[in-house]
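Position chain B relative to chain A; hints supplied.
Top line first, the protein sequences correspond to chains A and B. When we follow this note's numbering, the leftmost residue of the first sequence carries the number 1047, and every step to the right adds one. When we follow this note's numbering, the leftmost residue of the second sequence carries the number 1047, and every step to the right adds one.
One or more of the hints may lead you astray.
To be verified - Below, in silico cross-link-like pairs of lysine-lysine (DSS-like), each with a Cα-Cα straight-line distance of 30 Å or less:
1) A/1103 <-> A/1202
2) B/1395 <-> A/1329
3) A/1202 <-> A/1162
4) A/1307 <-> B/1162
5) A/1307 <-> B/1329
6) A/1395 <-> A/1329
7) B/1202 <-> B/1162
8) A/1395 <-> B/1266
9) B/1266 <-> A/1266
10) A/1266 <-> B/1103
11) A/1202 <-> B/1202
12) A/1307 <-> A/1395
13) A/1307 <-> B/1395
14) B/1103 <-> B/1162
15) A/1307 <-> A/1329
16) B/1202 <-> B/1266
17) A/1103 <-> B/1266
No lab work stands behind these hints, which were simulated from the structure alone.
There are 2 protein chains.
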Amino acid sequence: MSETTDLQSEIQELLDNSHMDQAFELLNSRHPAEVGAVIDELEPEHAFPLFDLLDLKNQSRVLAYLSPSHQLSMVRRLDRHALARLFTEMNADDRADLYQELPEDMQETLMPALAKAEREDLLRLTSYPEGTVGAIMTSEYATVASHLTARQAIEKLRTQALDKETIYIAYVLDSDRNLVGTVSLSGLVVANGDDRVEDLMQRDPVTVNADEPQSVAAQKVADYDLLAVPILDDHNAMVGIVTHDDAMDVQEEEATEDFHKSANVGVMSGGVSQVTLRILYQKRVYWLVLLVFANVFSGAGIAMYEDVIVAHVGLVFFLPLLIASAGNTGAQSATLMVRAIATGDVVMKDWARMLAREISVGAALGITMAIAVAGIGLWRGGPEMAFVVASTMVIVVLAGSLIGMSLPFLLNRLNMDPATASAPIVTFIADVAGILIYFAIASAVLTLPTAAAG
Amino acid sequence: MSETTDLQSEIQELLDNSHMDQAFELLNSRHPAEVGAVIDELEPEHAFPLFDLLDLKNQSRVLAYLSPSHQLSMVRRLDRHALARLFTEMNADDRADLYQELPEDMQETLMPALAKAEREDLLRLTSYPEGTVGAIMTSEYATVASHLTARQAIEKLRTQALDKETIYIAYVLDSDRNLVGTVSLSGLVVANGDDRVEDLMQRDPVTVNADEPQSVAAQKVADYDLLAVPILDDHNAMVGIVTHDDAMDVQEEEATEDFHKSANVGVMSGGVSQVTLRILYQKRVYWLVLLVFANVFSGAGIAMYEDVIVAHVGLVFFLPLLIASAGNTGAQSATLMVRAIATGDVVMKDWARMLAREISVGAALGITMAIAVAGIGLWRGGPEMAFVVASTMVIVVLAGSLIGMSLPFLLNRLNMDPATASAPIVTFIADVAGILIYFAIASAVLTLPTAAAG
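If we strip away everything but chain A, and leave its shape as in the complex, we get (with noise of 0.2 Å):
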């Protein structure tokens, strides 16, 4: 982030000297991901003079750069006319999001002051849910048609280059809008230049639902190394396409999701340094709460035993050894099928060998802990504490790992998100079951001086 300080007291120093003009060159010449990190880090009054300096398409590319907060900052000072231009330079998909975090009489003012063609974009756009690819798509990919020789359709490109996303990828329409094939400029470039497109072009390309979950074009976009991937709507015709690029942003999002909720933290929007503190406490406090609760279940099991406790107080120092093994043993199951879920590397019909699978590696996991604890047991406790110890040792990481392993598929299953299978509920679920193991053999083997405890 070295470089978004540097460029930042650049242009500080160009301001408060009044070299305007040197300054307008500096920010209008980098990168609109550079200008977008330092406008962001500013406090809005003192970003507008920094965004006021950029032209007009750097503005419009800058603000897909900004978080939504300072997105609205930056538009809200301005009146229709000028937000109309600006929305007319964005690109159609970062011009819907925006749209979309506008109050609702700012977006009344603006549509008017839209062209016909760009307010039916816009509401096209945002017409789908949030989460679905029909809300991250673009409506600016760029056609060809099929007729056309390979020196004609790189014309065509050339004329459309300005307005579309990328002319890397054409697609091929006919007149349904349904879609044919994809050609690419370089196979354009490539070819005869009196080659025709129904030639050169691709057949059957990869598509994707515009209501399916957005990570289903991202998946889609990372596994067959696609530029873009074209979205189609439910009566086959091209309605959009996810780029690269925002491919990428949805694997990140997602990823992030997966990972706040493997500690039952509920999805943000926002990075957790952005969001309020009240969203924060909110997304957090919802599942520890809940889980103090479960957790009596855990308290239960040990009072059922408090007869046990009390003759052989020593069994305590082995409690959170031995629940913390099932449980962390569990999460590590867990984790990794949550994530080979998500990244498509095991599929449902995987279930028998993997559970095949959990189970070696769980008995011996269990085994070597078992070996381990056998030590400290017989220094603590002598042979009858460490055979206890040992055996439950064996049997709560071997529970530990099965629970974590088969409940993401459970929920998959069950058409749950598998990462709600996350670390403290699988730790949860470990722990009640290991403090029942632990005191049922506790109580078999160890004599005790009262009557057997109930």
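Positioned in the frame of chain A, the structure of chain B alone reads:
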């Protein structure tokens, strides 16, 4: 994955009926990623006939989508000349990866069969350690001279197209191979044919050093929405590019590694469904056993207060609940920070601000959870018990969240991987702290029949 199954059964039917021409046609018309997925699902001996049906170009492309073990099975059967032909056809980066998978004797037979240029390229690319940018870059990038006109540059790119990974971005180098600018094919196509490259090119492009971690290249591609990022050596000479599709693979791989680290699973090359059971065991057992011994401290914490426990055995009821709460809150904080640091949302200098935020949120969470547990305490053990568990809850939750938040920063500061601050480790620290705090408060507040515990 149903697409994979369809293609597989279609092919199988054609093979069974000896329609070899149609099978050839079908396999060679599908995307190499699809064919690769089919082959990867089959046992090697069943995959050979399919692989052999592919033409040389498709073989070279499909290979890149196979798992390392399948790659090796496919090429192991080839004699040195067939192997050299295949290697020559492959992309430079895929070729270098495969070369490193080969057993030493195959490497030695292959080398002399390759042309000098390929041999040198292979040695250069394989000289960078795994995990660095150099190890994932490709040397097949397109270059144009700055004095060319746009028309001449397009013609130049046309002749390079077949050998280069992309011609959409061309690099302009000076006589020392220093990068002076980049020009896009779309820029060249849109420009006037007589415009010169030096006037069209973007100067000062974003670059990455070949020795940096691979995630740096992936992050630059993501941040600047690049098709490819140019890679420089220590003398600032250009040595390769990392393309958007490889950057996306790196991003996914890095996220998977961080997921696994979050549950203390070591870095594995290959998915959880593919690695051997032995590797899986090795990657999991290390931290599990370490945490068994670490948790002796939790046990020791409890053992210090055995008198208190015997006098008030009801305290044990709340033990799992309180330490789980501290651990869960800490795991949330750690996960949020680890991911925020990985994505660049939070940097070192945000430390103080993030600490202040964490204190507010941690206190709010602690108070909420204290209210929840106070009710349970009142029900199980009266007002004194309610006071003990509620005040413990506030302190341990706040402590857990501060530990979870600070540890990733601390590790980063010490130039260690922040992702090492995994849920199990944070939970362990929170456990020990929680036990000590709980019994300290309990022994201070509750009356003990015997002398106070030590």
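Taking 30 Å as the top limit, are the C-alpha atoms of residue 1307 of chain A and residue 1162 of chain B close enough?
52 Å, violated
Proposed proximity, residue 1266 of chain B with residue 1103 of chain A (alpha carbon, max 30 Å):
22 Å, holds
Has the given pair, residue 1307 of chain A with residue 1329 of chain B, been kept, meaning a C-alpha gap of at most 30 Å?
Holds, at roughly 23 Å.
Holds or violated: residue 1395 of chain A with residue 1266 of chain B, Cα cutoff 30 Å?
Violated, at roughly 37 Å.
Does residue 1162 of chain B sit within 30 Å of residue 1202 of chain B, going by the straight-line distance between their CA atoms?
24 Å, holds
Does the alpha-carbon distance linking residue 1202 of chain B and residue 1266 of chain B stay inside the 30 Å limit?
28 Å, holds
Hint check: residue 1202 of chain A vs residue 1162 of chain A, CA-CA at most 30 Å. Holds or violated?
Distance of about 24 Å is within 30 Å: holds.
For the pair supplied as a hint, residue 1307 of chain A and residue 1395 of chain B, is the alpha-carbon distance within the 30 Å limit?
26 Å, holds
Pair hint outcome, residue 1266 of chain A versus residue 1103 of chain B [Cα-Cα no greater than 30 Å]:
22 Å, holds
Is the hinted pair residue 1307 of chain A and residue 1329 of chain A satisfied, with a Cα-Cα distance of at most 30 Å?
10 Å, holds
CA of residue 1266 of chain B to CA of residue 1266 of chain A, is that 30 Å or under?
22 Å, holds
Restraint check for residue 1395 of chain B with residue 1329 of chain A, where alpha carbons must lie at most 30 Å apart
25 Å, holds
Violation of the numbered hints given earlier is confined to hints 4, 6 and 8; the remaining hints are satisfied by the structure.
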